[in-house]
Structure formats: C-alpha cells, structure tokens
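Novice: Listed here are the chains, written in short residue letters.
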Amino acid sequence: MDAVSLNYVLAIGAVLFVCGVICMTTKRNGIGILMGVELVLNGANLNFVAFSRYTSLGLDGQVVSLFVIVLAAAEAAVALAIALNFYNNHLTIDVDRGDELHG
Amino acid sequence: MDSLGSELSKYLLLAWLLPLIGFAVEVLGGYWGNRQDKRAAYLAIACIGAGFLLSSFTFYRWGTETHWQAFAGSVSESGHASVADPSGSDGHEKPDAAHHPHKAAGTETTHGTPGHSETAGAHDDAAHHSPGPSYSGTFYTLATFGSLTLSIDYYIDSLTILMFCMVTLIATCIHIFAVGYMSDELTDEYVDHSAHTSDGHHVHRPGRFHRFFAFLSLFCFSMLGIVLAGNIFQVFVFWELVGISSFLLIGFYTERKSANVAANKAFIVNRVGDFGFIIGLMILWTYCGTFSFGDQDLNGHEQPGLFSMIRGSDGEITTVGDDVILKTVGHNGHWEAPHEGESNRTLPYFLLVIAGLGVFGGCVGKSAQFPLQTWLPDAMEGPTPVSALVHSATMVAAGVYLAARFYPVFTTEVLLTIAYIGCITLFIAATIAVVATDIKRVLAYSTISQLGYMMLAIGLGGWAAGLFHLITHAFFKSLMFLCSGSVIHGCHHEQEMTKMGGLRHKMPITAYTMLIGVIAISGLAIPGSAALIGFPIAFSGFHSKDAIVATALAYTSLNPIHFLLFLTPLVTAGITAFYMFRLWFYTFTGKPRDEHIYSHCHESPAVMCMPLVVLALFAAGCAFGGENGPLYHMIGNSEPLGVASGVEAGGAAGVALPSHHAIHEVHGTAGVVALLAAGLGTIVAFLLYCRPVVDPESIKRQFSGVHGFLVEKWQFDNLYDVAFVRPSHIVGRWCATFDKEVLDGILHSTARTAIWIGTIDRKFDETIVDGLVNVVGNVTRSVGMSLTVFQTGRIRQYVMFIAISVVALFALLFAFMPKA
Amino acid sequence: MTSFGTLLDRLIDDTLETSLCHFAPELALSGTIVALLLLRLFGEIDRWIPPYVTTLVGALVALGLCGTQLLDLLNGSQEAGEFFTGLLVFDHFGAFVRGLLALFLVLVVALTVLTGIPDREDGPDFYSLMLGSTIGMMIMASANHMLMFFVGIEMASVPGYVMVGFLKGNRKSSEAAFKYVVYGAGAAGVMLYGVSLLTGLLGTASLPELAARLTIVLGHSGGVGSAESLTALLAVLMVMVGLAFKLSLVPFHFWCPDVFEGASAEVAAFLSVASKGAAFALLVRFCMSLIGTDPGANPEFLTGIGLGLGVIAAVTVTFGNLAAYSQTNVKRLLAYSTIAHAGFMLMAVSALVVVLANGAAVPGFDVPEAARMCVEGLLFYLFVYLFMNLGAFAVVALLRNQTFSEDIESFNGVGWQSPALCICMAVCVFSLVGLPPLGGFWGKLVIFMSLFNIGEVHWFMWVLLVVGGLNTVFSLFYYIRILKAMFMREPAEGARPVEVPSAISNYALLIALPVLLLGLFPTWTTSLAHGVATWLIP
Amino acid sequence: MDLIFLSVLIFMPTAGALVLAVLFNSKAVEPMRVFTVVVTAITFLMTLQLWMNFDPGVSGIQPEANGVSVEWIGTWNIHYRLGYDGISLPLVVLTSFISMLAALASWSINKLHKGYFVLFLLLETGMLGVFLALDFFLFYVFWEVMLLPMYFLIGVWGGPRREYAAIKFFLYTLAGSVLMLIAMLMFYFGSGGEFSILKLSAIGQGRVPGVQFDEFTQITAFILLFIGFAIKVPCFPFHTWLPDAHVEAPTPISMILAGVLLKMGGYGILRIAFPICPVGAQYGAYCLVAIGVISIIYGAFAALAQTDFKRMVAYSSVSHMGYVILGMAVWAVAQDGNIVVTSGRDYWLMGMNGAMFQMIAHGISSAGMFFMVGVIYDRVHHRDLNQFGGLFALMPLYSGLAAGIFFAGLGLPGLCGFIGEVFVVLSTWNFSPVLAIVAASGVILTAGYILWTLQRVYLGAEYKGPHADEITPMNAREATIGVTLLFMAIVLGVYPALMFDVMNGSMAELVDGMDAGLRAAQQSGASITMTPTP
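Protein chains in written order, with the numbering used here: chain P, 1 to 103; chain W, 1 to 820; chain X, 1 to 538; chain U, 1 to 534.
Simulated from the structure, these hints should not be mistaken for laboratory data. No residue lacks a Cβ here, since even glycine has one placed at the ideal position from N, Cα and C. Do not take every clue at face value.
Stated by the list, open to error - If you want the footprint, here are the derived chain W segments under chain X, 3+ residues with CB under 8 Å:
#1 349-359
#2 788-794
#3 806-814
Claimed, not checked - No more than 35 Å apart at the CA atoms, straight line, and that leaves these computed lysine-lysine pairs for DSBU-like:
#4 K172/X - K27/P
#5 K10/W - K257/W
#6 K499/W - K38/W
#7 K464/U - K257/W
#8 K464/U - K763/W
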C-alpha cells in the first residue's frame, strides 16, 4: 500500500487553500493578492488530482486540473494587465488607497 | 267626481308650489330687472295672494262637502259659557261625521299620480265630539326598499286647511307691508349704517330688494310644506328648509357681523333640535316601518299609518309588560292589535317615550322653547317683516303645530314634559320681556312666552285650546310686529323704546292698531258681557288664553300636585298684560323723549297701514264666539281620538288629562280669574308708565328704592305690590342674566369646546397618524443609509467577507438543517 | 486498450459529425471573433467595414441559429441530448437561454453603436471581448459537467474584468476593474475548491449522475449528521458561492455597486443582464442535477438547501431595495436594483427546489405543475428583465453623452426637453417597480403565484411572498426619484437643454415597446416558457 | 357588439390622448383644451346612451348574463370581461360627467399643457375601466393604470408640497393594491383557477356545488381587501394622504380625485369584498360601522379646525365618505335556531342604497366644493380662511352657486347630500342604536363647520385678504360648471328615484346573495358567532 493516503493529500490541499485565502485578505500589495488567488486555484487543483487517483473520479479529475491550470494562466495575465493599468492611474499598487468607489 | 281628498289636495298642492315658482323667478331678479324694480315684490304678493284665495276656496269646498257640520253647534248655541253647564251633553249632539268610505281608484304608482286613500275617522264615541274626516295620499315616491317606502304625501284635515288659510293670509299682509318697509333697498347705493368696514365708515352696496322677496317666497313654500306634509319624514325635510330660509332671512344684511352670527346661531340651534328629531325618526322608522300619518294603500293592500298603528281606532295605547303592541290588523280605517298567537310587532314603551321626546326636541329647537330659546331674540337682527312673518306667526308656530299633529304618538310622560317645558318657558320669557327696552326684543320674548302657553295647553291635554291660541296669537303678534315695524320705519330705524314716546299723535293708525293688538294679547274683556250674550265680548286673545287657563285649572283639579301648571300661567297672564301695556305706553303716550326722533317721525304710507288694519280686524274678531265660535269648532273638528274623553290617571307619570266636559265645567271660573290677572297687570302698567309721575328710567336707577317710592306714593298694599313688581324685576334681571350667561354661555362654550377638540383632532391627525407614515418612511431611509456603510470600497474587506460569509452560511445551514 | 489514435479519431468524428452542429451559435460567434481580429490586418477593408458591423452580423447569425434550434426542438425535429462526450447538453432550456443571450448581444451592440463607447480604433478588441464573454455564458447555460461549470464561469468573467476596465485613462474604471478581478478570482477559487470536494465525494463530475451518487452517499452515512453529509453540504455551499458572486446575491454582492459605478453604462448593462441570465440557468441546472430524476430522494438535505436559498433571496431583495434609497449616482442605484431583482428571481429557484424536494409529501399537490410554474416564472422574468434593465441603462448612457454626468440631479427637467426618451425611461422604471400594464408586473405575478401555491408545501414561501410584496412598495421609493427628477424638477439655470436625436429615441422606443407588449399580451412568451419548463421537469 | 361599444367607451379617452400627443404641437393650447373637452363630452354621451338602454327590470349584469368577454391570457384563465349593473352604471356616468366638468375647468392650468391633457385622458380611461371591469385581474390592472397619471398630475402641476403629496398618494394606494394582489391570489387558488368576479361571487355565496371558500379564507381575504379599499375610501386610520393630495392637486384634478377616485374604494367593497366573502363581511360588520362613524365624527372635527379652505373641504370628504362605509355595513343578524340569519333585511338594503346614493351625491357636491375653492384661488392665489370675507357683494353669482353647493354638502333637504345621509342614518338604528345616535350627531358638526366657513368666506363686511383688486365676477365657463353641478344636486335631491330605480334591483340581489352566502357557509360547518352590537 503506498504510504500516502487520500486524507493527507486533501489536508495539504486544504492548507494551500487556506493560505491562499489568508494571503488575499491580508496582503496590501495588488500583486500579492493575485499570488493568493493562484494559491487557492492550485489547492483545488491538488484536490482534483488526488481524487482522480484515489476515487472513482478517474481521468475527469486530471482533465479538470489541466483546464484549471490553463484558465489560471489566462486569469493571471488579465489580472496583471489590470493591475498595471491600476498602477498607471493611481501611481500606487497599494490596494487600500483604491477606495474612491464606496457608499 | 273623484274623491274630495284628491280634489282638495290639488288645490293645496297648487297653493303650496306657487311660492316656490315665485322664489325661482325672484332669485334671478338681478337678471331681468334693475335694482329699482318692484316687480319681484308684486310677483311674490301675487303668488301668496293666489295661495290665500286657493286656501279659502279649499275651505269653502271642504265646508260644502261636509255640509258645514263641523260648525253645526257653534254660534246658534245659546248656553252661557260662563254658567256652569249642568248636564253632561248639552243640546247640540254632533251628528256622526258622514262616512266617506269611497276609496281612491287606481293603485299606488311609484311616482307622479297622487293616489289617495281617505279614512274617515268616524267612530261612535260617547263624547259629543267626533273628529272630522282626514284625507291622505301620495304625491310621489322618493324610494322603496322592500316593504319600506318613503314618499312625499299629503294629509288634509280641518287643521291643515285652517293653517293654510292663516299662513297665506298673514303672509300676504306681510308681503304688502314689506313692499313699503323694504323700499329703501330699492337704490343702487344703499348705505348700511350699522355695518362698518375695518376702516370705520359705513358699507355701501347695491340694494337687494328682489332677494328679500325671493327668500320670503322660499320661506312660505317651506312653511306650507310642513303644514301639508303627510308623513313625519316630509315634515323633517321642510323643517330644515324652513330653518335654512330663516338663516337666509336673519342674515339678510350679510355685511352686519351681528346678523351673520345670529343667523348661524339660529341655524345651529335648530340643528340641535333636529338632532333630537332624527333620533325620534330613527326609532319610529325601525319599529313601525312607516312614517306616514294617515293610512296608505300600497299597491293593493292597506297599510296602517303611524297614528292608527300606535293608537288604533279606540285611541288607547295597548301595552303588554313594557312593550307597546302595534295595531297592524284591520282594514278600512279600523285597526286592532293582532290577537294572541299571531306575530305582532311591538315597540318598547320607553323607546316610544324617547321617540316622542325626540320629536318634541325638534319642536323645542324650532319654537324656541326653554333650553333652546336663546336664538329667537338674536333673530331680531333680520328686517321686521321677517320677524313678523317668520319669528312670530308661522315658523315658530310650526313647533306647536307639529306637537299638535303628532299628539297621538305622545305618551302621558311626554305630555307632562311638554307641559312643564311650556310652563318654564312662558314664565322666563315673560319676566325678561319686562326689562327689555328694544321694542322688537320685547315682542320676541312675548312670542316665546305665548308659545310656552300653547305648549302648556297641548301638554295639559287642551289640544284645541293650544291651537286656538296659536291661530289667534299669529294674528295679533304679526299685527304688533308690523306696528313696531312701521314705528321703526317711521323713526328711521330706531328700535330703542327709551328714545320714543307720545307717538300716537304722529302715527294714529299704527298706535290704535297696536292698541287692539295689546288688548288682544293681554286678554282683556268687558266683564259681565258673558252673562248678556252667552259669550264675553273680547278680542281673540282673551278667548284663547281663557281656554288655556281653563284647561290648566281643570288639569290641576284632577292632579293637584301639579298646581304650578295653573298658577304660573295665571301669574304670567298678569305679567304679559303688564309688559305689553308698558310697551304701548312707552312708545305712544307720554311726552316724546327724543325731540329729534319725534319731529322727524311720520305715519307710514298706506301700503303699510292697510295690512295693519286688516290684521287688526282679524286680531279682534277671529275668535268671535270663543269656545263655541266657528274657529274653535273648526280646530276641534280634527282633534285626535281620545282627547275629548280625557285620560284616566294611568301610565308611569300617573297623570290624568281633563276631558272636554271637565274643562267645560271650570270654564267660567277660569275666565274670571284670568280676566282679573290681566286687568291687574294693565292697571299697574298704567300707573307706572302712563301717568309718568316718575320717569321710568329713575325706576331703573334707584331700583332698590322702588319699594319706598311705591309705599309713599300710592299707599297700596305694600306686600302685594312688592310681591308683584319687585320680584318680577329681580327675576327678570336674573332670567336675563341667566339667559345671557348660562344658556348662551353653554352654547358658546360648546362651540369653543368643539373647536378645541377640533384643534386637538388636527394636531393628533398631523402628528401621530401622519407622523407614523413619515416615521416608517424615515426608518426605511435611515436603515438604507446604514446598510451602505458596509460598502467601504476596500477590496480586501470584500474578500474577507467572502470567507466569513461562507463559514457563517455553513454554520447557519448546519444548525437549521431539518433533522431527519 | 484502445490506442490513443483510435481514441482521437473517435473524438474528432464525434465533435465534427454530431456535437459541433448542435452548437452552431457558439461557432458563429467564434467565427466573428476571428473575423474581427483578421479584418484589422487588411487595411482598406477595415476602413469600409467598421467593427460593429461584423459583430452585428455575427450576433444576428447566432440569434437566427438559436431561434431555429429552439423551434426545431419544440416541434421535435431536433432531439435534445448530451454532446461533446457529456460535457455540454443541448436541450430546450439551453436553447431558450442562449437565444436570450444572443438577442441581448444584438441589442447591446446596437446600443454601443449609438453611444459610441468603443471608438473606431479599439472597437474590435471590445467586441471580441464581449463575444468571448457571451460564448462563455452560452457554455454556462448548457453545462452538463462540473468542468464546464468552471470553464463557463471563468470564460464569462475574465473578458468581463477587462471590459470593466476598458476606459483606460479613467481612475474609477481602473479601480473597479481591479476590484472586480480580485473579487471574481477569489470567488472562482472558492467555487473550484467546492467543485473539487463535491466531485471527490460523489466520485463523478457529470451533472446527471450527481443525484444518484448523493443518495448513495447520504444513504450509507446514516442520515444528516454524518461527516459525508457535512462535507457534501459544505461542497454545495462553496459551489453556490461562485454562482452567488455572478448573481451578486447579498453576502457576495460587494463588488456590484462599485463595479457598476466604475464601468461604463453599456458594460454595466451587459454585466447586469447577460451574466445574471446565464448564472440563473446554471443555478437551475445545478439544482436539478442535485434533485435528480426521482424527486423526494433526500428531502431534508434538499429542503435545507432550498430554504437556504430562500433566506438569501429574502435578504437580498430587502437589502437591494433599502440600500438603494440614499444613492445619488444612477448607475449605483441601478446596481442595487439589479441586486434586488436577482433576489426576486432567486425566490423562484428556492420555491422550485423546495417543491421538488418534498412536494410529494403533501397529498393531492401537483408537484410537477407547480415546479413548471416556477421555471416559467423565472424564464419570463428573465426575458422581461432583459428589456427593462437594458432600457434603463440605455437611457442613462444616452443621457450621459448629453449631460456628461450620471447623477440624478443632472436629470432635472430633462423629462420635458426630450419627452420620448424619458417616457421610455418611465415605462422601464414602472415595469421594474412591477406596475400592472407593464411586463415587470406579470413577471412578479407569476413568481408570486408560484410562491403562494407552493406555500402549502412549506410555510416559508408565504413569508417570501409577503417580503416580496413589501419590497415592491419599498422599491417604489428610489425608482420614483429618477422620474421625479426628470419630470417634476426644473432644470438647473445654466444647463444646456438636452436635445436627443431621433435615432436614439427610436432605439429607446424599440426597447420600451416590448416591455409594454409583454405586459399587455404575455401569452406568447409564457406559453413558450411553459413548453421549455414542461420539457425540463418531466 | 356590446363588447366593442364598451371597449370603445373605455379607450375613447386613450385614443384622444394619442391624437393629442401626436398631432397637436405643444404651443396650440386653446385647441388642445377644446379637443379634450370634446373627447370627454363624447365619452359622457356614450355613457348616457348606456344609461338609456339600461333595463332595471333585468337582474344581474347587463348587457349579457355574465358580461361580454374575450379571452385575454388563456393559460391563467384571464378574460377581458366587461359589464355593468345597477351598482357600476351610476358610477360610470358620474365619472364621465365629472371628467367632462374637470376638463372644462382645466383652463386654469398654465404650464406643460400637452402633457397635462394626455395624462388627464389616460386617467379617465383608468377610471372607466375600473368601473366596467368584471374580471378581478382586469380590475386590478385598471386600478393601477389609474395610479400613474394621477401621480404625475399631482406631482407636476400641483402646489408647493406637490412631490411629497404625490409620492404619499402613490405609496398609500400601492400598499393597498399589494394587499389586494394577495387576496386575488387567495381567490385564484381557492377557486381552482378563477378570476371572473361573477363566478367568484357565486362560489363565495355557495351557489357553485363542490367549490367553497372556507371561513378562514373569506375572513382573511375580506380583511386584506377591506384595508386595500379603505385606503382609497379613505376611512379613519388610512386617510392622511387625502388632505395632502387634495391641497396640492390643481383644481380640476382635485375635482376628479374627490368626485370619482374616492368612490373606487366604496365600489370595490360593493363589487368584490362583500359578494365574495359574505362571512368576512358579517365578521367585520360591526368594525366597519364603527370605522364609518369614527370617520364621520373625526372628519367633522378635523374640518372644524382647519384654516386652509381646501384642506377643510378635504376633511369634509373624509366625513361624508364615513357615511358610505357606515351605510354598507349595517348588516344586523339574529339567531334563528342554530344558524345566524339576517334580521331587518329591508333596513340593510336601505343602508346599502343610501351608501351608494351618498357616493353619487358626494361625487357631485365635493367636486362642486373643490371647484368653488378653485375659482376663488385662481383669482386671489391664497386659501387662508381668515383672510376672506364679503364675497357676496363682490361676486354675487359665484357666492350664490357656492352657497348652494355648500348647502348640498351640508345635507340640506331638497339637495343631494341630504338623501344619502338621512337614509344611511335611518337604517343604522336597526343595527346599533348607540352608533346611530353618534352618527346622527354628525349632522350638527357638519352644519357647524360648513356654516362657519361660509360665514368667514362669503358673508362679512368686506374682503380682508391680498389681491383684492383681482376679484372679478365669475366668467361664463365657470358659471356653466357651477350651474350644472347645482342643477344636478337639486335634481338628485328632489327626485332621488332617478338613481334608486336603477340601483335598487342590483342592491337587492347583492343583499340576498350575501344572506344566502352566510347560510350556505353555516350549512357547510362555518361557525358564525353573534357579535353583541350595543
């Protein structure tokens, strides 16, 4: 029996997920938040791969994780472009300074 | 020949509607005539004159049809009124009223054709007196709801015809008088001296001659409506119309503040009376299901009117326990209570009493009786012809007329209340009249007093006596008002008696017609003349007042504990004589107190004097023959059942009503006593005012000293004078103040409280009810504001919210997950 | 072991012969994107044919295809079924929503032409983004697999982020775009994690099988309190987060006001209508998949979810209406109104879930008919909502071009200067409030009817009905402020009179007319929606 | 054919509005005014034709038994069903009559004329629709259609606080109609998919075998419907929108508001709430009568304390409409064996007819009162009662007509107000003596505040307020409106059978139907308790 059972992998995935969320909420730097987003997506990815290995999910899991990687990339590109545009207009990447829209 | 009833109804309908047509044309007077145009007056006179002719023609037709049997036992009867009549039934046995069985052809259509059914009130009763036939029918139907119908009907009997003749005659005379009196309204530039604009000078306005006659015609129409009305609802309708026309006439000088206030007061006080009236209506409507006086045949089957329902054909109210059984079984005028077993309609006795009191409340409001009489003196603000017609002869008499017409519905308790109200009113009004100085105020209070007399008479069971006094009073009171009007007109609108004096040289006709009126009202007669020709020679006032005093005497002999009901009218008869002669002496005898007035005053033109003469003749002669005269018999002809025979001391109040026979017995003694009181009053007035040893003003000033003055001057029996003169002054002043402060006070305070409640009501409405809505609005707005606080605009907080809400939702779902 | 080659051949045959032709509209849109990008290369063509022409042509073709597909499906000439090896499903419901999206695309593109937001030179970029997003939404509408779930949402959202930030120089739009990206990504991440948990737990990612596996899992674990059911509950919840973000339901609505205020009115219109429509379609599919074929399988679990949705709906509606009171910017006000209307439509979905979950428990209650009424109400509401909201945003956009401001004060007195435009705005606003002669009332009425009817299954639906009624009255307050400014206020002294060219008011009339017609003669649309519903719920 | 006639009648004003919007340019004010008057006049003539060939003998709805109808929305069994009977026909004629007069009085509108006249005609369509609709859904649609133009008419052309008044009016009525919507749903699902008012009434009155509204539905539906309609009447607790709406609305609009819109509440109760929920009606009878009496007294006292002329007339409307609610609800019942049966059916019928007549009479007198206020307001531009006076001398014809109309409001016999009030008061004793006496006392208060107002405005020595020089006698147009209103008041006062013949048949059917409904409900197990009525 291989040493690593499903629960361990799930635990790691959960840890990744939680770190990603915490990173998103605490980071003041725009780019930092985007990193958090990546972590969350990778946590989910890990789950998919684990499930395809251990449960009857089969290949679907892996196909999904492939797609997730592709989409994460696209999203990152777009997010960075918008962050750049944000920087050009606000001359800062500090997210808390971008609160003109409120109320 | 269709039946007599519908024929008579056609004449009276025409007489009734003519003034309405006159009103419609005159009110638009401003358009077809200029301000100097007298044609409006002539049109009004023509209408009311035609009305009078039609009424007298109706009287003639009514007489011929019933073969004048109503007057059969009148003049020819020889027995002396004064001699106590030994035998119960004297010579003239009234032949039974001819039966008039024939029914009106045709069924009752919903509106338009005046169908009619006539019930002969024939019955064979022991009393020598049997009521004449009464004709009732419907002009058109207002509305029918299942078995309930409301319609405009007519109820014609001798009283209606008599009232028609009286009202139209007096109205015609007053219209003619008014042409003269209101002549100064015929200008484009009428200067109203007693109305002041805010900056002090008088009000200038175009004359309103035609509008005065329009309102007069409207009043005549409404008054005749009340008299002709066939059901109590229709009386209520014209009751209010009369109220509104008196409002318009009192407030004729719209610029004068006092006139407006008086008009408002009159109408609202009438409305208070009407409030009672409506309650009476409601009770009768709910329990009897009909308003009509006489019986009706609604599409085929006969339906008993109110009188037959409550009194039936034997004139008694049958009660079981504390319920009155309505007599709904019978036909052709004979109505009995349904026998045991059948379903009968009952009306709780106390409710019948309340209904009676309610309707009487309406009469109190209209005839200015005790609690609601404050408006009549203020109503003198209106022009004098108005006071003469509306506030003396007709409108105020409507209350008495209704009390008489609705007599069968009144129970003994109600009659007792009517008596006491009448008694209190006549006393208070008389005492106030003693101290009044304005000529019209004196006459106003005397009207209230005389109305008190009539109410007293009806309350005591003297039905015919009350109405007899009504007719006679209408004549001489309108005469005296017109005389005062001609005096005022002569003295350029001066009403204060203190400024007049010795006018008889300047205004002989007015003076002497006024004297006739004064003699009539104070009830003087040539003593002993009764012994010669069977009935005393006197003017109408004596006969009618004598009848009332006789009824009062008979009543107190039957119910001794109510002795006041005889004593006060007797005393007041004296006071009446006193203040009437005081008025006459003040204005017409002695030296003129105001040279300017005296020099300028002149006799009124013929158009004003001629009515005075006509009315004087009637005031003197209408009661010719006294109790056995044609007028009394005509009234007696429509006396309701059971009055003649009197009522035994039954019922809650335990009061017995004197029968005709009983009254007849005491007639002589009552006549003498009344004459004595009146004579005494006249003498005292003569002593105080005609031989002005001391100027009347001095009496007022050293009022307290009058006692000393009397003792030293006339060595009269001090107790008697002091007992007579001083108390009346004290009581007079007390009544005047009571009247002004207490009653008016009550009225004004109710008005103030109403306004005070109104303002609270408005504040409550604006703050609480409205506030609630605004509060809801503001709360939602503030909640809305607070919700946007979370929208801080910082992205990190948003993302944190995602995490938090996921966890929170999960916990929520888990907690509330419906357990298996 | 089939070799990789045969596997590939079979896949190609399957896509080319069977699957692709069923998804012709998406194909048409993709073709348009390619055309847009290529045309720029050939200079002279670019001068004659402006980008919006190609986009319009592409969109119209897609609309035609969707229309024909729906009609074929209805008259049975085309069969519904799963394609692309079970990834996408082609059925009446999908066809209806995709037709809705195509129609909306046509109208929005027409609007952008009138308001001239994407000027000539960056037109192609804007339109290709919009087309890409629409394709993503069409995929969402016909998703049959959890993968498509995620792909569809991402494909719809990502172009949306860019469109929000399209006005490059504008500080507000850049800030809005950034917020939108971060929030969207975060929500998508959470959703993906939920999807992973769900698929892992149930062992399958294909929607039709979810229900069967769920009953097995819940059945073994012995009732509700067990670990498996908890994870299932958490998983479903996290999946719902992704949808809640797209639908801007209350706990996940924070992005909506800021983004709408930042973005241009046309983009806001696109986001508020199209993404709502697609997200609701996806939500309905997901719920139907959880319930599966035999209703009443695991009642407690599903009623729990249904009531959860109901609570969120009630909170969303009330929050949306109340928060809109104090707004001065019209777009922000319309954002809150979008949130409120999302809440209204969610009520229908919650009723659907509750009735299918334990409707059978109530004797003599016609469960399928009641469920169909819910779906019909939802679809009709979406259809009317499309026109109402687009009309409102269009008028805001068109007036912005004249007054250069989106505050309510700037609308003062405009009503009497350009009456046609403002009457259309009045029609749309009163329809949003839900007054009878207009379509909005009919939408709300059908939803209220289904709520009232399903109230017998669970009392909470009557509570929702009362909340819905109250909110109709509350919503009047802020909607009327727009009309009050337009008709009852005098224009500011210095302001130029607002003259609107007839082309624009004709467009506004084109949008307002259906709102009125749907109110007066809703039979055509309701019967169509009923047909679709009868297919969706056997 | 009848359906076409009725539809043309309802949508004639809308057609006029369209023609007005499209063809007339907004500068041509005079032709627009004349055109609107012509359109309203044509509508009035059409309603008169309806009146002519209305046959009181035929029971039930005319022209056909259950109204002329065409299917509108098949899936929900909604029909475009029209019809009229004794209850709705007088109100239809009243609507077109008052609208014509209001159009004639619209000369005082001085801005944005085209918008005004378009909305005015749309309003008339809404009102006519409400009175002719026999399908609950169609009734509800017309009920709301009437809201939109009214909101703008008050909001744009009103007085200083017009926006507040308009939104308050809109909110009150919308809240009421939401309640009505819920009641509509209860009926729809309770009756297995039925919207036609006639069929619902048949079910409510137990004439349809098998289908029955149980006691709980009837009572809750009645309460919901009553609140929805009471807001419109307006009764005591829901009336605060009326003074604001009236004071701020321009004269012709407040004429219509008082003349017609207030009657919709009463009509709604008579057409929908009473026949469909007889058990609910009996359950709420005492409460309705109490509300009616409170409205009378409360309205009268409030009117007494007002200093604004129009606000005083508004509160007098609250007081007069109290009679309507009072008259309808005097349904006295007595224990007969084990079931509760109507006792004194004729008095209740009289109350109903009185209430219906009062609606017509109040329509004429209150429209007249508001017009009179409007005439003097157009000249002196203020409504402070304490700054008037002496108008009799300055404007004799105007004051004469105004006095006549105010006396009609006062309830003077011979004018229309009297019949309504007295018939209602007379029929109340049978239900509850105490409330009858309190209602009767209303007579004194009404006399009080109206006469006091007449005295302050028309009598008195001279005019104390501002703009004294602008007081000019009444012009011909105003005179025609005043004379027609006074003439109608006199005709109805002297010859009320004109209205009663038409109304009586339908009222009798309604009364007997509700009685039968009560019996049927008790047969099928509903327990009706005898509420003690002092």
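Novice: In ascending order, which of the hints set out earlier in this document are inconsistent with the structure?
Specialist: Violated: hints 1 and 5.
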